[in-house]
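Visitor: So you can see what is in the structure, the chains are spelled out below.
There are 2 protein chains.
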Amino acid sequence: MKKKQTIKDIAHAAGVSIGTVDRVLHKRGKVSKKSMEIVTKVLNELDYKPNPIARTLKNNTIYSIKVLLPDPKKDHYWKRCMEGINEIIVEFGAFDFEIEIYCYDPSKPKSFSKIGEQLIQTENLDALLFVPLFEKESNTLLKKLNTRQILSGTFNSSLSNNLVDQHTGQDLYSSGRVAAKLIYDLIKPHSRIAIIHIDEAFNNAIHMKQKEQGFSSFFKEYSSFEIKTLTLNSNEFQSKFPDFVEQFNPIDAFFITTSKVYEVPEALKSQGTKSKMVGYDLLLRNVECLKKGEMDFLIHQNPKIQASLGLKGLIEKLIFEKEIPKKRLLPIDIVNSENVESYLI
Amino acid sequence: MKKKQTIKDIAHAAGVSIGTVDRVLHKRGKVSKKSMEIVTKVLNELDYKPNPIARTLKNNTIYSIKVLLPDPKKDHYWKRCMEGINEIIVEFGAFDFEIEIYCYDPSKPKSFSKIGEQLIQTENLDALLFVPLFEKESNTLLKKLNTRQILSGTFNSSLSNNLVDQHTGQDLYSSGRVAAKLIYDLIKPHSRIAIIHIDEAFNNAIHMKQKEQGFSSFFKEYSSFEIKTLTLNSNEFQSKFPDFVEQFNPIDAFFITTSKVYEVPEALKSQGTKSKMVGYDLLLRNVECLKKGEMDFLIHQNPKIQASLGLKGLIEKLIFEKEIPKKRLLPIDIVNSENVESYLI
DNA sequence: TAAAAAAGTGTTATCGTACACACAAACTGT
DNA sequence: ACAGTTTGTGTGTACGATAACACTTTTTTA
Numbered sequence: 001m002k003k004k005q006t007i008k009d010i011a012h013a014a015g016v017s018i019g020t021v022d023r024v025l026h027k028r029g030k031v032s033k034k035s036m037e038i039v040t041k042v043l044n045e046l047d048y049k050p051n052p053i054a055r056t057l058k059n060n061t062i063y064s065i066k067v068l069l070p071d072p073k074k075d076h077y078w079k080r081c082m083e084g085i086n087e088i089i090v091e092f093g094a095f096d097f098e099i100e101i102y103c104y105d106p107s108k109p110k111s112f113s114k115i116g117e118q119l120i121q122t123e124n125l126d127a128l129l130f131v132p133l134f135e136k137e138s139n140t141l142l143k144k145l146n147t148r149q150i151l152s153g154t155f156n157s158s159l160s161n162n163l164v165d166q167h168t169g170q171d172l173y174s175s176g177r178v179a180a181k182l183i184y185d186l187i188k189p190h191s192r193i194a195i196i197h198i199d200e201a202f203n204n205a206i207h208m209k210q211k212e213q214g215f216s217s218f219f220k221e222y223s224s225f226e227i228k229t230l231t232l233n234s235n236e237f238q239s240k241f242p243d244f245v246e247q248f249n250p251i252d253a254f255f256i257t258t259s260k261v262y263e264v265p266e267a268l269k270s271q272g273t274k275s276k277m278v279g280y281d282l283l284l285r286n287v288e289c290l291k292k293g294e295m296d297f298l299i300h301q302n303p304k305i306q307a308s309l310g311l312k313g314l315i316e317k318l319i320f321e322k323e324i325p326k327k328r329l330l331p332i333d334i335v336n337s338e339n340v341e342s343y344l345i
Numbered sequence: 001m002k003k004k005q006t007i008k009d010i011a012h013a014a015g016v017s018i019g020t021v022d023r024v025l026h027k028r029g030k031v032s033k034k035s036m037e038i039v040t041k042v043l044n045e046l047d048y049k050p051n052p053i054a055r056t057l058k059n060n061t062i063y064s065i066k067v068l069l070p071d072p073k074k075d076h077y078w079k080r081c082m083e084g085i086n087e088i089i090v091e092f093g094a095f096d097f098e099i100e101i102y103c104y105d106p107s108k109p110k111s112f113s114k115i116g117e118q119l120i121q122t123e124n125l126d127a128l129l130f131v132p133l134f135e136k137e138s139n140t141l142l143k144k145l146n147t148r149q150i151l152s153g154t155f156n157s158s159l160s161n162n163l164v165d166q167h168t169g170q171d172l173y174s175s176g177r178v179a180a181k182l183i184y185d186l187i188k189p190h191s192r193i194a195i196i197h198i199d200e201a202f203n204n205a206i207h208m209k210q211k212e213q214g215f216s217s218f219f220k221e222y223s224s225f226e227i228k229t230l231t232l233n234s235n236e237f238q239s240k241f242p243d244f245v246e247q248f249n250p251i252d253a254f255f256i257t258t259s260k261v262y263e264v265p266e267a268l269k270s271q272g273t274k275s276k277m278v279g280y281d282l283l284l285r286n287v288e289c290l291k292k293g294e295m296d297f298l299i300h301q302n303p304k305i306q307a308s309l310g311l312k313g314l315i316e317k318l319i320f321e322k323e324i325p326k327k328r329l330l331p332i333d334i335v336n337s338e339n340v341e342s343y344l345i
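Here the protein sequences come in this chain order: G and L. Everything in the first sequence is counted per the UniProt record's numbering, starting at 1 for the first residue and increasing by one. Everything in the second sequence is counted per the UniProt record's numbering, starting at 1 for the first residue and increasing by one.
I should point out that these hints are in silico values taken from the structure, not numbers from a laboratory. Check before you lean on any hint, since a few could be wrong.
[To be verified] Derived lysine-lysine pairs resembling DSS-like cross-links, with alpha carbons at most 25 Å apart:
(1) G:Lys220 with L:Lys292
(2) L:Lys73 with L:Lys114
(3) L:Lys4 with G:Lys322
(4) G:Lys8 with L:Lys58
(5) L:Lys108 with L:Lys143
(6) L:Lys79 with L:Lys291
(7) G:Lys4 with L:Lys58
Source: prediction; values computed, not measured.
Could you build the full structure based on these sequences and the hints that come with them?
Guide: Here's what the structure looks like:
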């Protein structure tokens, strides 16, 4: 039963003062070669780890973190992210933090830029966590964050470059392949498959493309399927979707690449046909469809965990100086009517 | 930008010393009615919460936690639990803890009782986390833990009573239903389904039973399926399984309730028939089968997360006095050949 | 060679909480 | 009325890490 080593123990073992040990630990210089050697030697031998508790106690600055995500009022998907953020705020409530959430309009790149611009003007901003729906605008923001030495984190969507300090998300290409495999198991050869992209306003373009590429890559190994793609935004759905269905009929399976899955069974009801269906995200309306048997699988993007892990990473980096991986990929959860409850807790 | 309230702030606002505030906070008496009133009033007004960080700093005791789980050498499934435990040990390495792992033979209840008995004899044991494979023996242990005021936690298997302080696991009944739904989607009506229980030595009896009940409950809604059950232990597999298959042939789908799924495709190879198959756990051999297309789905019990969350809960209870829920149910993950990698990181 | 600058080292206050201790004021009993 | 007890209150120190500060020793410069 050995007690944890403290800086005092190290100092004593090395025959120096705690001041010297501290200078070695923080590489603050002003240490002789001799002291340096003996302290590092003792440090390695005794496996010293500074007590994070004591460290944060002394360092009583108030860290400021801002979170910027799409408005949940415009798209319900983001509500769960908000919940994840709020959970972390509670969890770290005992620490001196000032965390504020801001929302932008997911259909307006300018709204993103504008709020982003305001946020980085904040005095003493320590970290910014955001959802980079718009590639160009996000990169502009990131560059400014980097020059100002502000810690950056993204989640949900990913950027192709390496500018961000930390990213939390899913591999969308694999996610498309998962959907493909699920559908493949449900249908017969020579079936007809429709890929439907329903977006607010063509912003998730990269997002949807990656899923489609994964999906297609899977079916390339099997030539006997006919696959067609329809891309439309939310408003066009009522007008364009029925036409598409009529022309491509009969459709054996649908792969919907966004969370607006619930639109499809609704629209198909008049048709009377029963198709296999795989889509994204556990929105209330999607879950209802799943339970009613109107769709087969949902792929869970785990927005809550993505957001909370992202924020947690930034916080721990700030207060514990914990190193965080540049990229963290979460599992791709397959959800059907029977395990959906287990994800909703 | 408001700083966190400290005990000093409260004392100042109430016009008393921090000692008095402290006595009010800890109900240690020796406080006049007048002081009591004004301090509680200020306390409520300013929404004071003591800093748990500073609190633990003072309390420099070394906590002792023991973990008792089935030997990974006897059953590979437990290897990942071990990994989860070790990750947490690293994560909390900076704190004063003494965590030790002990293993018992999953086929011998006596081995569990014996080591359990030894562990609770330990002086100053603060918490015990264990896998309660054996109901009777586990309850005996739990009662002793309770009388000795030792914090208790279980994971993976659950007990029907309420004696344990904290449990982390999955709902096995639902898990059986998930398997049922997966199989249902893959086969035609009037198919024949086999439920196979392969156990080391009939210890997971409750475990397997719960899964079977969930599975059956799903198919009760559809009368047109023929379901047969085979229960055997690992050693009997070679001899009894082929007979069973021959008698019940053709079998359209298999539901294997334990992690020994990999045995089945192997045994069926000589048969030449292709059946649907759903089983449990991401053992290396199971993953190989999944990738080769020899089985359709695996249900992931997430042993690593179960173990690590369980241990983390106990630790946080001890050092931060964080309240932990009596029961924590993890999601039931559905795994196919395309998302399996995302769970193996 | 003396003065100035730099390098190296130890001491100490601080963060917020907890608790022992000291001390004063208000009571008790003889 | 005075010693002894109880009650109430404030002060001081500890926990471990950190960094400012003070001090000594060495090196550089004029």
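Visitor: Is lysine 73 (chain L) close enough to lysine 114 (chain L), meaning Cα to Cα at most 25 Å?
Guide: holds (19 Å)
Visitor: Could you grab the alpha-carbon distance between lysine 4 (chain L) and lysine 322 (chain G) and see if it respects the 25 Å cut-off?
Guide: holds (23 Å)
Visitor: Taking only the CA atoms, is the gap from lysine 8 (chain G) to lysine 58 (chain L) under or equal to 25 Å?
Guide: Holds, at about 16 Å.
Visitor: Would you check the hint for lysine 79 (chain L) and lysine 291 (chain L), treating anything up to 25 Å between C-alpha atoms as holding?
Guide: Cα-Cα ~21 Å, so holds.
Visitor: Please verify whether lysine 4 (chain G) and lysine 58 (chain L) have alpha carbons no more than 25 Å apart.
Guide: Since the Cα atoms of lysine 4 (chain G) and lysine 58 (chain L) sit roughly 14 Å apart, the hinted pair holds (cutoff 25 Å).
Visitor: Hint check: lysine 108 (chain L) vs lysine 143 (chain L), CA-CA at most 25 Å. Holds or violated?
Guide: holds (20 Å)
Visitor: Compare the distance between the alpha carbons of lysine 220 (chain G) and lysine 292 (chain L) with 25 Å, and conclude whether the hinted pair is satisfied.
Guide: It holds: about 18 Å lies between the C-alpha atoms, which stays within 25 Å.
Checked against the numbered hints above, the structure violates none of them.
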